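Chemist: Since the structure of chain L is already known, use the hints to place chain S on it.
One-letter residues, chain by chain:
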Amino acid sequence: MTAPVDQTSRWAGAIRLGTVLIAVVLIAWAWHGTEFDTVRLIAGIPRMAEFLARMVPPDMGIANIVVLSTIETVQIAFLGTVLGAVASLVLGLMAAANLTPPWVHQPVKWLLGIVRGIPVILLALLFVSSVGLGPFPGVLAVAVHSTGMLGKFYAEAFEGAQRGPMDALATAGAHRWQVVRFAALPQVGPDIARDTLFRFEMNLRESLVLGLVGAGGIGFYIQLYTRSFHYDKVATLTLVVLVLVIAIEQLSFFVRRRLS
Amino acid sequence: MTDAAIRIDGVRVRYNDQGGDVLDIEALTVPEGQRIAFIGTSGAGKTTLLRLINGLIAPTAGRIVILGEDLTSENARQREFRRRIGCIFQEFNLVERSSAYRNALCGRLGWAGPVASLFGMFSDTDHALAAKALAETGLENFAHRRVDSLSGGQRQRVAIARALAQDPALLCADEPVSNLDPVLAEDMLALIANSGARRGATTVMIVHHPALAEKHAERIIGLAVGRIVYDSASDGPLNAVALRSIYGRSPTPETVPLPDGEHRRQTA
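Chains L and S, in that order, give the protein sequences.
With this note's numbering applied, the first sequence corresponds to residues 1 to 260, in that order.
With this note's numbering applied, the second sequence corresponds to residues 1 to 268, in that order.
Extracted from the complex, chain S is given alone in its bound form:
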């Protein structure tokens, strides 16, 4: 079935009656398995759009279908739906006092028996997937370390492992690298993109740096003031005109992708 993983139709989001729409998306369709990145200034609506896609908020109006499930339906609130969406957060959102392994195993909670898991009992499959996810993120040797003893980069790897352990059909990453230095950011985006691709999972990332977005995503969506102003699928490559429409001013050297596809590495 060549179904779309994400289908958004005339969706508007507004947080209170006084304010205007913070998001107004005419239409957006993401085919299964595509790797896309949202770019835009702070407040452009990137996070709102992502929270809409992973079901954390509901639209004020319009229709949004994720993995074949209408988000306004009762099913969308069930664990059977939620467990198929893996989320990675800017602040990692890990349980700091638990081990890396324990955190990765938490990715299996949506699949584990609700009662058995309360007593710490997980199936062999759950353990195997958690261990595999940790290996995939390069944390084999840190599996039994407490998260609060790990570095920022390692923590984000644990968070990625937790999302991967879910065996997700959709992977959502909300500014996953904003707390990391530029070199780590590269590695982390590559890790997210590759592990998503390996599973055939649709991957949605919010990336602050257009160059990074271009390198790690197949498709780039630019947002400004709550609307989609650029879509690389229809508007062609991300050039100076496109950047101006997204960021509202002429690009600076840091935001321009270099011609040979290699990217500037800033040293922090």
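Looking at chain L on its own, in the form it has when it is part of the complex:
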């Protein structure tokens, strides 16, 4: 006796083959569109080596600038994250479908979506051209960009909070804000702390890039030294960036694990 032949498994094979074919076509399409060229890549290797050679040995004579600009980068990321988190808390509460009526949470959700859609580099250019060069426009760009993302995460956290405790406090005569403070926040606290920390980690990396458009921090000096061909100084800064990113990733990983 044999089991009946499963006809669907024949189709599954055909679908798998089709998927692979589509993937191949897509890769070929993008390969062609971006003028991907292995010959040019191989020909470029000596120039790459030359570029890297000019970075060696890294110029340790700029320790002063390294320290100051690193501090500035951390300050940009920190203040940007804090301001973004405060704005996100307010907007996140407003965007939570279980806490506000549709005519409040829908528009706020859209607003957050639009803010999320603006690249941080564009925000930096906007603020540099409106308030001038330096770390200040960097902070603004990071804060606004973080709000788009964190506001959405906070709202989702609030939406995931259990209804029961909130209703219980409201029934006991608690004010709406007291319900949020004593029933909603304790439930979502660890979640939003984790999200915020992760955002800080990302902001630190982003604030490195922001310097390239004149918004302060290490990136500003990387851009400055690249343009003046001081690759040995660029190398020092790059190493610092590497250490900084790895350190903050480890720290954030450690803290977030303790929060779960």
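Keep in mind the hints are simulated off the structure, nothing from the lab.
These numbers were taken from a predicted model, which means no experiment stands behind them.
The C-beta atom is built at its ideal place from N, Cα and C for all residues, glycine as well.
Heads up, some of the hints might be wrong.
Claimed, not checked - Here's a subset of chain S near chain L, in silico, CB distances under 8 Å, partners left out:
| no. | residue |
| --- | --- |
| 1 | GLY86 |
| 2 | CYS87 |
| 3 | LEU94 |
Modeler: Frame of chain L; chain S shown alone:
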């Protein structure tokens, strides 16, 4: 003043236009300080009636006056009214990540200053009442434990403490013991009944077990299909005829109260 704590007059509740009334109460008056229990099958309207009494839902028609306040009035939606009604729920509805003490203190939110409390500032009275409520429910040694580290029985005690911290004039318990084992259920109902009596608070409990209801309440109201079909105040003791009118069939040994007032303890 010998006012009634609960006065219901021709109240009907219906959830949508298509369906019929889920509740149709001709009249029910509960004097201040009385301890009553609602019994009936699932869907008989016990919870709807309780939610009506603690103001969570509004009647479709009729008049309902709780603690001297007409529930259709604007005042009934204010915290000054709500804080006088302590609620205990089947699922406890506690803030799991907060301590037992913090949860009990939440019972004071209706009394605390709305702004000051947001910064964690409560008056000495608030702290004293929360601590007293925890002591009353036997949780002195667990006050600073997080609720999610407590057992089911302890959690329900925290929930009772939160309601007691309100210093309520009316205590409502919606199937407070359905999630607990029979022995714990006895203790918990006794705790609710006694702490309500100590304050002179009117106490309304939904209890699944007629024997438990008889033991812990002064008066039993039986509901079937949204109507009051039995009231021990007028219909006499809860006998087989009464049980049949409530549950729609002859009682089984588990539902019959034992003659000497002692009750069967089932071991889960």
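Chemist: May I ask which of the numbered hints given earlier this structure violates, with the numbers listed in increasing order?
Modeler: Violated: none.
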